[in-house]
Amino acid sequence: MTYSEQAQTGKKEYAALKEASPEVMGAFGDLHKANVKDGALTVKEKELIALGIAIATRCEGCILSHMNRLIKEGVNRDEVIETINTAVMMSGGPGTVYGGKALAYFDERQ
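Straight run, no breaks: the sequence shown in the UniProt record's numbering ends on number 110.
Subject to a maximum C-alpha distance of 30 Å in a straight line, what follows is the list of computed BS3-like cross-link-like pairs (lysine-lysine): (1) K72 - K11; (2) K46 - K12; (3) K33 - K11.
Everything labelled a hint here was simulated from the structure, so no lab data went into it. Nothing here was measured: the structure is a model prediction, and the numbers come from that model.
All chains, please: the whole structure from these sequences, using the hints.
As structure tokens, then:
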């Protein structure tokens with residue numbers, strides 16, 4: 001399965017969870033909407049932070065989701081690589097594995 005196919009599967013699973021638990025998932029969605037808008041940090045900067053956290057915490061679904069938003073925000077490969085490097089600094093060896101996945105997904109989408 002490609003990373004793009006995995007991202008589509010994740011969207012379907014999220015939708016099913018939202019249907020099964022509308023109150024909690026609605027609140028999570030509201031939290032996301034409240035944060036992911038330009039403020040002192042741009043949406044792109046916030047999404048780069050989220051990508052770094054996703055890599056450091058080893059959440060493949062989060063990597064795919066935040067990378068999709070970053071691509072919409074016009075992220076370039078160098079920005080992705082610097083974010084991966086920072087995640088590796090904070091998480092060590094596992095960051096290299098999930099950082100590799102993040103870069104592969106970015107490259108797949110280009």
